[in-house]
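Asker: All chains, please: the whole structure from these sequences, using the hints.
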Amino acid sequence: MTELIKYTAAETASAIANGEVSAVEVAQAHLDRIDAVDKKVNAFLHVDTEGALAAARKVDDKRAKGERLSPLAGVPLALKDVFTTRGIPTTCGSKMLEGWIPPYDATLTRRLKDADVVILGKTNMDEFAMGSSTENSAYGPTGNPWDLTRIPGGSGGGSAAALAAFEAPLAIGTDTGGSIRQPGAVTGTVGVKPTYGAVSRYGLVAFSSSLDQGGPCARTVLDAALLHEAIAGHDPLDSTSIDAPVPAVVEAAKMRDIRGMRIGIVKEFAGEGYQAGVMQRFNETVELLRELGAEVVEVSCPSFTLALPAYYLIAPSECSSNLARFDAMRYGLRVGDDGTRSAEQVTALTREAGFGDEVKRRIILGTYALSSGYYDAYYGSAQKVRTLISRDFDAAFAGVDVLISPTTPTTAFPIGERADDPMAMYLADLCTIPSNLAGNAAMSLPCGLAPEDNLPVGLQIIAPAMADDRLYRVGGTVEAALNDKWGHTLLEEAPAL
Amino acid sequence: MPGITREEVAHLARLSRLELQAEELDHFAEQLDVIIGAVARVSEVAGQDVPPTSHPLPLSNVMRADEVRQSLTPEQALSGAPASEDQRFRVPQILGED
Numbered sequence: 001m002t003e004l005i006k007y008t009a010a011e012t013a014s015a016i017a018n019g020e021v022s023a024v025e026v027a028q029a030h031l032d033r034i035d036a037v038d039k040k041v042n043a044f045l046h047v048d049t050e051g052a053l054a055a056a057r058k059v060d061d062k063r064a065k066g067e068r069l070s071p072l073a074g075v076p077l078a079l080k081d082v083f084t085t086r087g088i089p090t091t092c093g094s095k096m097l098e099g100w101i102p103p104y105d106a107t108l109t110r111r112l113k114d115a116d117v118v119i120l121g122k123t124n125m126d127e128f129a130m131g132s133s134t135e136n137s138a139y140g141p142t143g144n145p146w147d148l149t150r151i152p153g154g155s156g157g158g159s160a161a162a163l164a165a166f167e168a169p170l171a172i173g174t175d176t177g178g179s180i181r182q183p184g185a186v187t188g189t190v191g192v193k194p195t196y197g198a199v200s201r202y203g204l205v206a207f208s209s210s211l212d213q214g215g216p217c218a219r220t221v222l223d224a225a226l227l228h229e230a231i232a233g234h235d236p237l238d239s240t241s242i243d244a245p246v247p248a249v250v251e252a253a254k255m256r257d258i259r260g261m262r263i264g265i266v267k268e269f270a271g272e273g274y275q276a277g278v279m280q281r282f283n284e285t286v287e288l289l290r291e292l293g294a295e296v297v298e299v300s301c302p303s304f305t306l307a308l309p310a311y312y313l314i315a316p317s318e319c320s321s322n323l324a325r326f327d328a329m330r331y332g333l334r335v336g337d338d339g340t341r342s343a344e345q346v347t348a349l350t351r352e353a354g355f356g357d358e359v360k361r362r363i364i365l366g367t368y369a370l371s372s373g374y375y376d377a378y379y380g381s382a383q384k385v386r387t388l389i390s391r392d393f394d395a396a397f398a399g400v401d402v403l404i405s406p407t408t409p410t411t412a413f414p415i416g417e418r419a420d421d422p423m424a425m426y427l428a429d430l431c432t433i434p435s436n437l438a439g440n441a442a443m444s445l446p447c448g449l450a451p452e453d454n455l456p457v458g459l460q461i462i463a464p465a466m467a468d469d470r471l472y473r474v475g476g477t478v479e480a481a482l483n484d485k486w487g488h489t490l491l492e493e494a495p496a497l
Numbered sequence: 001m002p003g004i005t006r007e008e009v010a011h012l013a014r015l016s017r018l019e020l021q022a023e024e025l026d027h028f029a030e031q032l033d034v035i036i037g038a039v040a041r042v043s044e045v046a047g048q049d050v051p052p053t054s055h056p057l058p059l060s061n062v063m064r065a066d067e068v069r070q071s072l073t074p075e076q077a078l079s080g081a082p083a084s085e086d087q088r089f090r091v092p093q094i095l096g097e098d
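Sequences listed follow chains E and D, in order. Going by UniProt numbering, the first residue of the first sequence is number 1, and it counts up by one from there. Going by UniProt numbering, the first residue of the second sequence is number 1, and it counts up by one from there.
Calculated directly from the structure, the hints in this document are not laboratory data. In this text, a Cβ means the ideal position worked out from N, Cα and C, and glycines have one as well. Certain hints may be false.
Unchecked claim - Below are the SDA-like pairs computed for lysine to any residue, each with C-alpha atoms no more than 20 Å apart in a straight line:
#	chain 1	residue 1	chain 2	residue 2
1	E	Lys6	E	Leu491
2	E	Lys254	E	Thr489
3	E	Lys360	D	His27
4	E	Lys360	D	Thr73
5	E	Lys360	D	Gly3
6	E	Lys360	D	Glu19
7	E	Lys360	D	His11
8	E	Lys6	E	Pro495
9	E	Lys360	D	Ala65
10	E	Lys95	D	Gly80
11	E	Lys360	D	Arg14
12	E	Lys360	D	Gly37
13	E	Lys360	D	Glu8
14	E	Lys95	D	Ala81
15	E	Lys267	E	Leu427
16	E	Lys360	D	Glu24
17	E	Lys360	D	Arg17
18	E	Lys95	D	Ala83
19	E	Lys40	E	Ala494
20	E	Lys95	D	Asp33
21	E	Lys95	D	Pro82
22	E	Lys360	D	Gln31
23	E	Lys95	D	Arg17
24	E	Lys360	D	Glu7
25	E	Lys360	D	Ala10
26	E	Lys95	D	Ser16
27	E	Lys360	D	Asp33
28	E	Lys360	D	Ala22
29	E	Lys58	E	Arg110
30	E	Lys360	D	Leu25
31	E	Lys360	D	Val34
32	E	Lys95	D	Glu24
33	E	Lys95	D	Ser79
34	E	Lys360	D	Arg6
35	E	Lys360	D	Gln21
36	E	Lys360	D	Leu15
Said to hold, decoys possible - From the structure, some residues in chain E lie toward chain D, with a derived Cβ separation under 7 Å:
#	residue
37	Trp100
38	Ser210
39	Arg351
40	Glu352
Answerer: Listed below in structure tokens is the structure:
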């Protein structure tokens with residue numbers, strides 16, 4: 001029975017559909033696992049035992065009645081605590097929202113429930129999704145299951161750690177600058193940032209609205225594809241939702257054939273700051289892609305070197321505006337309302353008490369970048385850089401089908417190492433940010449362990465907007481070839497918790 | 001490109017409704033100075049004739065049909081309020097004494 005937690009989502013769904021196991025047994029096995037290991041990992045902020053078992057019972061009832069089950073019926077999932085869940089706390093990793101119970105479901109939450117996915121609980125994250133290590137959570141850091149003294153990435157470290165610790169076979173993340181892909185890379189799991197607008201943002205607590213994108217996290221490429229299909233699609237409640245068919249990602253994940261595909265290596269993502277073992281595994285993967293029949297060439301995207309600076313002006317600018325809603329008046333924390341203070345004073349005292357350091361830094365930075373004297377030099381220039389980056393992508397995709405790079409320059413770093421050095425922390429997202437600025441699709445999947453520290457290395461694949469299926473075609477093929485080579489999946493090498 | 005001073009950070013914090021402590025001001029001013037020094041590189045393109053991109057999708061004025069629909073009840077809308085009274089949000093004093 002303990003092996004139930006090792007099943008992929010696809011295997012779990014099929015075992016439930018075939019009656020080999022009940023959805024309640026699957027849910028209970030994962031709840032037991034959470035009970036056994038999450039004190040060490042701290043992946044979950046809230047575990048919804050009752051709700052999970054009720055959702056599982058519903059699946060078992062449907063099966064008993066002979067009703068048709070959806071492709072992920074009964075599969076447990078860990079939901080990043082940035083999506084609203086009706087009746088279940090949603091904190092965004094912040095004291096500002098401690099104890100807040102949303103009165104409505106995010107569209108993504110609703111779709112998961114409609115697909116009979118079993119939501120186990122809400123996962124830990126950097127406060128309001130700002131960070132690359134999950135250390136900015138007001139509820140303590142999450143440990144990386146490969147080494148609990150190291151970061152699991154961020155902001156979606158809880159979701160990635162839940163997968164790597166076998167607490168859930170599926171998870172949801174959000175990716176504003178790499179918050180799905182970078183945690184995926186450093187935990188040896190798969191994470192996908194779909195094309196901007198593919199997954200509804202309704203009920204996703206906003207950080208940087210022109211960059212935020214929800215997406216699937218899983219242990220296999222096929223599982224990510226199954227989850228992608230369940231959550232993507234047009235939503236009239238999100239004005240930036242794409243009104244077009246979802247690319248056939250599940251079909252692509254099963255193709256296992258990349259012969260004739262053209263793949264470009266982003267030349268700018270190498271050199272100083274890139275760990276030797278990361279580059280070694282990346283270069284081996286490039287050779288593997290060639291052996292699998294792809295044509296691999298080097299391409300240059302010169303504007304990418306300005307992506308990080310542009311991001312750290314655009315994201316804080318949008319954040320300073322979005323987080324103005326936390327005013328202590330309508331929901332969330334209120335501090336200092338003793339009858340003598342004005343609403344404005346109460347707002348300022350509450351925001352001081354409720355926000356952590358990184359959120360405060362970004363609000364101040366964004367307010368600075370948007371102020372009249374600096375707007376043209378900073379925010380205006382960052383928007384021009386955004387255009388240049390899109391042009392670089394367009395030029396590259398005129399010659400290749402997908403681009404590849406390491407997902408992160410280094411493997412997981414120790415908790416505390418970069419906690420008070422914002423610029424060092426920001427470098428973790430160097431390779432992932434361009435796709436957010438351009439709004440295209442990108443995936444990270446494991447491509448080995450770095451020899452010097454035995455920690456996972458991520459391969460990033462980038463596809464043009466609306467061509468998310470290419471990620472799954474390349475990712476599924478590489479994954480199968482690597483598992484063949486190793487004789488097992490990478491996560492089987494992770495130490496026991 | 002000039003850096004940022006402690007006084008500027010204090011002013012920005014006031015604009016952002018953040019009642020920062022003195023030691024926070026010192027610390028943030030130092031860190032923000034480093035960050036701004038690093039991101040200022042974007043101004044390399046300031047003079048270039050490049051149109052700005054504010055959003056990855058070329059959308060404008062996406063509207064829904066103007067129809068009456070069910071929404072949150074007053075009780076649901078007020079369920080997270082720090083204070084409420086008579087189906088309204090109760091807030092601290094907004095206007096001055098005079």
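Asker: Against this structure, judge whether each hint is valid.
Answerer: Hints versus structure:
The suggested pairing of lysine 6 of chain E with leucine 491 of chain E holds, with an alpha-carbon distance near 10 Å, which does not exceed 20 Å. Of the pairs offered as hints, the one joining lysine 254 of chain E and threonine 489 of chain E holds, with about 17 Å between alpha carbons and a cut-off of 20 Å not exceeded. Between the alpha carbons of lysine 360 of chain E and histidine 27 of chain D the distance comes to roughly 12 Å, so the proposed pair stays at or under 20 Å and holds. Taking the CA atoms of lysine 360 of chain E and threonine 73 of chain D, the gap is about 33 Å. The hint is violated against a cut of 20 Å.
Annotation: proposed proximity of lysine 360 of chain E to glycine 3 of chain D holds, straight-line Cα distance about 18 Å (limit 20 Å). Under the criterion of a C-alpha separation no larger than 20 Å, the hint pairing lysine 360 of chain E with glutamate 19 of chain D is consistent with the structure, at around 10 Å. Using a Cα cut-off of 20 Å, the hinted pair lysine 360 of chain E and histidine 11 of chain D holds, with the two alpha carbons roughly 14 Å apart. Taken as a hint, the lysine 6 of chain E and proline 495 of chain E pair is honoured in the structure, with Cα atoms around 14 Å apart against an allowance of 20 Å.
For the hint pairing lysine 360 of chain E with alanine 65 of chain D, the CA-to-CA distance comes to about 38 Å; that exceeds 20 Å, so the pair is violated. Under the criterion of a C-alpha separation no larger than 20 Å, the hint pairing lysine 95 of chain E with glycine 80 of chain D is consistent with the structure, at around 14 Å. Distance restraint check for lysine 360 of chain E and arginine 14 of chain D: the Cα-Cα separation of roughly 12 Å lies within the 20 Å cut-off, and the hinted pair is therefore satisfied. For the suggested pair lysine 360 of chain E and glycine 37 of chain D, the alpha carbons sit about 18 Å apart, so the restraint of at most 20 Å is met.
Straight-line distance between C-alpha atoms of lysine 360 of chain E and glutamate 8 of chain D comes to about 15 Å, which keeps the hinted pair within the 20 Å bound. Straight-line distance between C-alpha atoms of lysine 95 of chain E and alanine 81 of chain D comes to about 15 Å, which keeps the hinted pair within the 20 Å bound. This hinted pair checks out: lysine 267 of chain E and leucine 427 of chain E have alpha carbons roughly 17 Å apart, not beyond 20 Å. Restraint check: the Cα-Cα separation between lysine 360 of chain E and glutamate 24 of chain D comes to about 10 Å, which is no more than 20 Å; the hinted pair holds.
With a C-alpha separation of about 10 Å, the suggested pairing of lysine 360 of chain E with arginine 17 of chain D holds against the 20 Å cut-off. Restraint check for lysine 95 of chain E and alanine 83 of chain D: the C-alpha separation of about 18 Å stays at or below 20 Å, so the hint holds. For the hint pairing lysine 40 of chain E with alanine 494 of chain E, the CA-to-CA distance comes to about 15 Å; that is within 20 Å, so the pair holds. For the hint pairing lysine 95 of chain E with aspartate 33 of chain D, the CA-to-CA distance comes to about 27 Å; that exceeds 20 Å, so the pair is violated.
For the hint pairing lysine 95 of chain E with proline 82 of chain D, the CA-to-CA distance comes to about 14 Å; that is within 20 Å, so the pair holds. For a cut-off of 20 Å, the pair hint linking lysine 360 of chain E to glutamine 31 of chain D stands: about 12 Å separates their Cα positions. Simply put, lysine 95 of chain E and arginine 17 of chain D have alpha-carbon atoms about 17 Å apart, close enough for the 20 Å limit, and the pair holds. Between lysine 360 of chain E and glutamate 7 of chain D the CA atoms are separated by roughly 16 Å; this keeps the pair inside 20 Å, and the hint holds.
Restraint check for lysine 360 of chain E and alanine 10 of chain D: satisfied, since their Cα atoms lie roughly 12 Å apart, inside the 20 Å limit. Distance check on the hinted pair: lysine 95 of chain E and serine 16 of chain D sit about 18 Å apart at the alpha-carbon level, within 20 Å; holds. Distance check on the hinted pair: lysine 360 of chain E and aspartate 33 of chain D sit about 14 Å apart at the alpha-carbon level, within 20 Å; holds. The suggested pairing of lysine 360 of chain E with alanine 22 of chain D holds, with an alpha-carbon distance near 14 Å, which does not exceed 20 Å.
Distance hint between lysine 58 of chain E and arginine 110 of chain E is fulfilled; the C-alpha atoms sit about 15 Å from each other, no more than 20 Å. Note on lysine 360 of chain E and leucine 25 of chain D: the hinted pairing holds, with a Cα-Cα distance of about 11 Å set against a maximum of 20 Å. Distance check on the hinted pair: lysine 360 of chain E and valine 34 of chain D sit about 16 Å apart at the alpha-carbon level, within 20 Å; holds. For the hint pairing lysine 95 of chain E with glutamate 24 of chain D, the CA-to-CA distance comes to about 18 Å; that is within 20 Å, so the pair holds.
Simply put, lysine 95 of chain E and serine 79 of chain D have alpha-carbon atoms about 18 Å apart, close enough for the 20 Å limit, and the pair holds. With a C-alpha separation of about 15 Å, the suggested pair lysine 360 of chain E and arginine 6 of chain D falls inside the 20 Å cut-off, and the hint holds. This hinted pair checks out: lysine 360 of chain E and glutamine 21 of chain D have alpha carbons roughly 12 Å apart, not beyond 20 Å. Taking the CA atoms of lysine 360 of chain E and leucine 15 of chain D, the gap is near 12 Å; set against the 20 Å cutoff, the hint holds.
For the restraint placing tryptophan 100 of chain E at the interface with chain D, the shortest Cβ-Cβ distance is roughly 5 Å, inside the 7 Å limit, so the hint holds. Look at serine 210 of chain E: its Cβ gets to within about 5 Å of chain D, closer than 7 Å, so that hint holds up. A cut of 7 Å between beta carbons decides the hint on arginine 351 of chain E: the least distance to chain D is about 5 Å, and the hint holds. Residue-level restraint check for glutamate 352 of chain E holds (minimum Cβ-Cβ distance to chain D is 4 Å; threshold 7 Å).
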